[in-house]
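Visitor: Chains as they are written, first to last, in this note's numbering: chain A, 6 to 134; chain B, 7 to 172.
Where hints are given, some of them may not hold.
What the hints assert, rightly or not - Simulated coverage check for chain A against chain B, where a stretch passes if three residues somewhere in it have a Cβ under 8 Å from a Cβ of chain B: (1) 66–77; (2) 90–99.
What the hints assert, rightly or not - Just so you have them, the derived chain B footprint on chain A, three or more residues with Cβ under 8 Å: (3) 24–33; (4) 46–56; (5) 81–87; (6) 110–117.
In short, the hints are calculated from the structure, not lab data.
Computed from a predicted structure; not experimentally measured.
All C-beta atoms in this analysis are idealised placements derived from N, C-alpha and C, irrespective of residue type, glycine included.
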Amino acid sequence: MSQTNETNPVLQPVGEPADRPVFTPPIDIYESDTGLVLIADLPGVGVDALELQVQDNKLTLFGHVASLVPPEARLIHREYEEGDFLRSFILSEDVDHERINARLNGGTLEIHLPRASQTQARRIQVNGS
Amino acid sequence: MNTSCRPESPMDNSVEKLRDLVAGWIDVFATQGERAVDLLGLKTGAGTWSPPVDVVESDENVQVFVNLPGVDPHTVEVLLAGNMLNLRGDVPRVHLPAGEKIHRRERFTGTFARSIPLPAPVDPDKVVAEAKNGVLTVTLSKEDRVKPRQIPVAVTPGAPTMSEGM
Numbered sequence: 006m007s008q009t010n011e012t013n014p015v016l017q018p019v020g021e022p023a024d025r026p027v028f029t030p031p032i033d034i035y036e037s038d039t040g041l042v043l044i045a046d047l048p049g050v051g052v053d054a055l056e057l058q059v060q061d062n063k064l065t066l067f068g069h070v071a072s073l074v075p076p077e078a079r080l081i082h083r084e085y086e087e088g089d090f091l092r093s094f095i096l097s098e099d100v101d102h103e104r105i106n107a108r109l110n111g112g113t114l115e116i117h118l119p120r121a122s123q124t125q126a127r128r129i130q131v132n133g134s
Numbered sequence: 007m008n009t010s011c012r013p014e015s016p017m018d019n020s021v022e023k024l025r026d027l028v029a030g031w032i033d034v035f036a037t038q039g040e041r042a043v044d045l046l047g048l049k050t051g052a053g054t055w056s057p058p059v060d061v062v063e064s065d066e067n068v069q070v071f072v073n074l075p076g077v078d079p080h081t082v083e084v085l086l087a088g089n090m091l092n093l094r095g096d097v098p099r100v101h102l103p104a105g106e107k108i109h110r111r112e113r114f115t116g117t118f119a120r121s122i123p124l125p126a127p128v129d130p131d132k133v134v135a136e137a138k139n140g141v142l143t144v145t146l147s148k149e150d151r152v153k154p155r156q157i158p159v160a161v162t163p164g165a166p167t168m169s170e171g172m
């Protein structure tokens with residue numbers, strides 16, 4: 006019944022040393038008429054290296070960053086630390102999980118979280134006798 | 007005033023501290039270039055920021071890596087001036103339709119500029135800039151004279167060769 010024994014692919018990328026640092030990507034969140042829009046900066050993450058998962062109202066994004074530095078190169082100056090991106094969010098009850106969609110474009114991930122339609126304002130007909 | 011025979015006073019201490027502080031700043035400037043201005047909290051002109059960079063060197067090339075997520079690579083200005091690589095561009099801010107509300111704004115936006123001193127002389131005609139997944143890579147080919155070169159050893163036929171011992 007419990008899912009805790011299950012291996013979570015998001016948190017355990019295969020073939021990577023466990024001591025690789027994990028960073029929290031910066032995000033913007035906007036609210037529109039139809040729902041929430043979440044934008045995350047994930048430089049160096051390709052579509053194949055991105056995992057996006059919704060489980061128990063928790064949205065988790067994990068981006069694996071592959072090094073671009075050729076193996077024979079000498080490091081002259083380093084300001085970036087090599088690591089992966091991980092961040093999770095608790096979704097509010099009114100997000101329609103089925104209609105969540107995301108798009109990765111040039112290192113930024115845009116996630117649309119549409120509000121479930123039943124929470125939109127609805128006129129209730131009151132019948133008189 | 008004779009300072010040499012005076013025991014340590016609070017004044018000496020603060021001068022020492024100030025000297026250490028300034029020496030620290032000079033260190034940061036020497037290693038970080040203009041990014042130091044950001045690191046030390048001193049603001050350059052009108053809202054520009056300096057992205058971090060990695061610089062690596064191989065036998066043939068010098069490569070510079072910059073994370074620029076969300077930036078159209080065509081809008082980035084890559085300028086080589088002597089031994090200084092200058093990058094400049096703009097991270098667009100998302101335009102919200104009227105009535106939308108911002109909950110969180112953590113991402114950097116606005117104009118950025120960074121000048122990077124290169125560790126070796128490069129050929130200005132052999133510079134390639136490419137962007138992938140929000141990472142800009144500038145590959146600069148080193149000048150031929152600084153590339154390691156194998157010198158072939160010519161052996162004259164019939165000439166006496168060196169032998170060990172006498």
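Visitor: Out of the numbered hints, which ones does the structure contradict?
Guide: The structure conflicts with hint 2 only, although it agrees with all the remaining ones.
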